[in-house]
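Number of protein chains: 2
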Amino acid sequence: MVSQRSLTIDTEKATGTTYVLGTELTVNLNRCAPPQSKSFSIKCGPNVHYKVTSPAGVRSAAPYPLTPNSVLIVTMDTVSETANDSKLSVRYYGEKTESLGDAVLHLTAVEISLDVDADRDGVVEKNNPNKGSWKWGPNGHGAVLLVNCDSETTYKKTLDSEVDEINKVSDLQDMSKMILRTNGPAELPEGYKLTMHISQTTSENVRVFRPRTSAKKDDVWKHKLLKLFLKDYIMVVGTDTLTEEVPYLGGKTELAFFVEGLRFPDKDFDGLVTINLSLLEPCGKGFPETPIFTDTVVFHISPWIMTPNTLKPVEVYVCSTNDNYTFLKSIKNLVDKCGYKLKICYEYMNRGDRWMQGPDFGYVTRNALNEKVSSLDSFGNLEVSPPVTVNGKSYPLGRIIIGVAFPTATRGRNMTQVVQDFLWAQKVQEPIALYSDWLVVGHVDEFMTFVPAPDRKKFRLLLASPDAGYKVFKSLQKKGHGEAEMFPGLPEVISVNEILSDKKLQAENRYVQNCIDWNRDVLKKELGLDDEDIIDLPILFKVLEEKTGPRAVAYYPDMVNMIVLGDQLGIPKPFGPKVNGRCALETEVCSLLEPLGLKCTFIDDFAPYHKLLGEVHCGSNVLRERSPFRWWNLEL
Amino acid sequence: MVSQRSLTIDTEKATGTTYVLGTELTVNLNRCAPPQSKSFSIKCGPNVHYKVTSPAGVRSAAPYPLTPNSVLIVTMDTVSETANDSKLSVRYYGEKTESLGDAVLHLTAVEISLDVDADRDGVVEKNNPNKGSWKWGPNGHGAVLLVNCDSETTYKKTLDSEVDEINKVSDLQDMSKMILRTNGPAELPEGYKLTMHISQTTSENVRVFRPRTSAKKDDVWKHKLLKLFLKDYIMVVGTDTLTEEVPYLGGKTELAFFVEGLRFPDKDFDGLVTINLSLLEPCGKGFPETPIFTDTVVFHISPWIMTPNTLKPVEVYVCSTNDNYTFLKSIKNLVDKCGYKLKICYEYMNRGDRWMQGPDFGYVTRNALNEKVSSLDSFGNLEVSPPVTVNGKSYPLGRIIIGVAFPTATRGRNMTQVVQDFLWAQKVQEPIALYSDWLVVGHVDEFMTFVPAPDRKKFRLLLASPDAGYKVFKSLQKKGHGEAEMFPGLPEVISVNEILSDKKLQAENRYVQNCIDWNRDVLKKELGLDDEDIIDLPILFKVLEEKTGPRAVAYYPDMVNMIVLGDQLGIPKPFGPKVNGRCALETEVCSLLEPLGLKCTFIDDFAPYHKLLGEVHCGSNVLRERSPFRWWNLEL
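Order-wise, the sequence lines are chains U and R.
Following numbering that gives the first Met the number 0, the numbering of the first sequence begins with 0 at its first residue and continues without gaps.
Following numbering that gives the first Met the number 0, the numbering of the second sequence begins with 0 at its first residue and continues without gaps.
Chain U on its own, in the form it takes in the complex:
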């Protein structure tokens, strides 16, 4: 729709205004006519075009009869070379066609366009008709914006988004480009100016920078960038600055801006950011200026996205501690074999935290103001499924999986509400809440993971299963291996017969199987899985009596807590009973996974991880290639 602006003209005094190409000026001729006017005629220069609407919609020959709804519509199609170089005048006539006066209008035409990459092809195109709105989906549109949540500096780190200025030229690459294109006379008529403005709310989510010195050509910026004149960048609008004049450079020019996202979408923020550029007209001495033209662009801040196990790894992260040398060596062997990069985080950096999962990333934090923070807020309790389609609804980026207390529990630990709200607000990987509070540590990665598969949905869900565990032990007993020893060579050594005769352990594992089955049913429903998509891994648990009730830990290294590197799996070594020199639990797991083309490497994490209630997956992290699916193509 063409933007219209109402204008008053006057027979007593000439009116001057600035016209923006592509808009329409409307003049209510009756309202500003001298009393007793009956008709009017119009004269104008060659660059000015007009039409007259009568209430009946009839376009009559000049002079036009004046009616209560006579509206004059003025347009121009060429920019002015100097201020006020175009003109239009209206002559009013009385009853006997005597002239009652001339209303003169002086016009300056300019072109103004605030531009973004609304079609997301990497080029900031001119005046995209969709630049002011956002639409999800493959036929959608709208510019995108990153949250600048990494840190360009290595020491004395702060989040880039927490600094009001640009520190490194590389920081500009974390921002989206926006261009102000103007065309017109060397200077605007006196008193006119350009202003960029954002709302109070938007100022919490975004900052806009521009080069301090203005210049006429975009190439000059590129040149400047190379020279790293970073102090030449100033903030235009953002925190505490909602509106700021920007220079009109004259002639045909482009002024580049860099837009920095400050916040991910959240419960109270849908991710949309609106930036406006207005032309202000002076209103006479002592009166405030009026915005007579506003151009608006919209960005959608990129959601926070997780990468599932089915994506190709790039780099593996693991911490070095004073007791995990052998573990590190096994991980290094595995990663080397796969041909990925291993990044070891040394003690001066991890400060003894073996669960810390990787330095030098963008990151995001939420503060739990009035809430208790618990073990469920750790990120072994935050996983993501591979892409799925559920009842016809597609999740091409997968679904986030977290663990909480039973919804029916009167007490229990939960992931803090601020983190849950944050995860749900990302929208592109709609979360699933599982029940994990039955575990001492309380993480979903203690009973589930995903591995790639060549068939069906291209993955399998692996679940820890005490039933499957008991079946292995019963089978050993039946085959005469009842005296075979679990934990061979370790102080915890115990025979198959002893395990099977422990009624308490059996009752505990029946309870654990119940808990996992509840999650199995949720996962089947929410990921659209069949039983054939799920593999039960033989894992037993034991239950500890905690102050707040019984809670479970893995009885032997929890094989489901594995690291998945393409078709190579790094699995916690279970130390099961040996039959013919081979661990029966490893044999069972290999027989379940190898038919899928997966290769199992069992890694000893017993002392440095298992005994501290974690395993391989808890103690490592994997940077993966991003999904080939672009988040904005989601149908929401």
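In case anyone wonders, no lab produced these hints; they're calculated from the structure.
Hints are all accurate, no fakes.
No copy is singled out in the list; a pair is fine if it fits within one copy or between any two copies.
Result set (PhoX-like, lysine-lysine): computed pairs, CA atoms no more than 25 Å apart in a straight line:
(1) K523 / K426
(2) K192 / K251
(3) K426 / K266
(4) K12 / K42
(5) K392 / K134
(6) K176 / K134
(7) K134 / K524
(8) K598 / K457
(9) K473 / K12
(10) K328 / K340
(11) K610 / K503
(12) K266 / K134
(13) K12 / K502
(14) K50 / K524
(15) K477 / K577
(16) K134 / K426
(17) K12 / K478
(18) K95 / K477
(19) K426 / K456
(20) K610 / K331
(21) K95 / K478
Following the hints, position chain R against chain U.
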């Protein structure tokens, strides 16, 4: 989709469970089979049905071969008469079809349905398939809920929603009914129980009550209601109570609940409320119970909705003060003439506030925590348009209109963000922000209103217009009435000639016309109006020099600030120059409005309202019939 539940059975010990009609029990037969099982057969009672899925989907004749994915699916279609009165057993066979054991399952079947009025016909139907979701639009569905924001008591008022208990039987009528329908044996098997539960977030938005004493028939409740045994109602879930057991009454019974909305939709609340009812199964001594069946219902809390001037009035509200007797009499005459009810709010109640616009309503407040509250937060600055269609998008309830500072202003007053956020969150009357900060009082009703009309869009937008005002005065001068007096008989008396020779007043009004025209352009665009839909009323303003800049007030009573009662308009008497004994401003306004079938009554509000910077509209309120359009039928 049918709800499935995974279940483990065991050859060593019989398993008992409770089955809910309409669900499926799934048993992974391989996982719980004795070692070396090769096949199995199934036996069951007449009320139990089963099927077996093989990986290839083949249904074979018994005994079935056991495969890694042999899953047994159990259903029942009749409720049990006593606990554990149905049975199914699985026999496993070895290589040579020798029996390896029987796994026995005892079953109790019950029917459970938490019900709401999801089709909004006033009846809580049984198990509506859409009860757990919400969909906007004429083909939508979902139960609705009021915010209990009125007060049933007359003295010592508090909002009903701020009280944890039910005070009056009429309060139940502000709540939505929800029914728990159960059918089954007289008692559930030992250890099973029913629990109602909501999330932490939901507990801030809703409370659920039920009669304290349980009874078998819904009529009993009705009986009780009549008896006003109100202390017999207890809160089940709500503030500080997220989960609570509810009684299982046995046999075929209905238990009524009353659901009370506590909060309107807001920036951080989409208005959706979820309530769950679960059946808990005991898990063995010392272990927490597991929810084995959950029924979920969803309500959408009704948005806060305004009524436009085009809706039929019911009652008019006005305050009595020590100086407005004549004004009150005029209003009373007008209201009587129209046949509506007038409610006068006396001084003991209004405490001298003549702008207070009506007692005994539901109301809602927002607290501005860190924001300045200004005159723009008053509700002459909060209006609503009649129904409109804009570029094909329909707003059948109209659009809310508020006034703020120019978006480009570096300083200025705004309606507080919390109120703006609240208004936008209602969604059904998407707001329009106008520029009203140019006025001293700063209210949109100082320059605009809507009146009904028989043609076009069924209404006209009336705008104050200094240009139209000057045209009237110039016309008087031209016709020889230059000496006619404005404000005749009042100390402010001034001639037409004097007004027209005041150059300062002229410059001020040019500025004001600019400000109003900016709003005119916004309203044309956002309400899809043509110039023919707008009528300019002849009103002049004057500008006062305030500390923070120049701001305008009406020069004479602001006729656009009128009360609209059907086709009767109560318009502030302008005290314009008299020609042939009749006020020229009144004549002009009548000539503009009477052709639309509107009747103009001019009401003297000069001393008690105009001099205090308000007029008729600011000093009155109108309760109107609700729109015939139901908000849930909106396409959002």
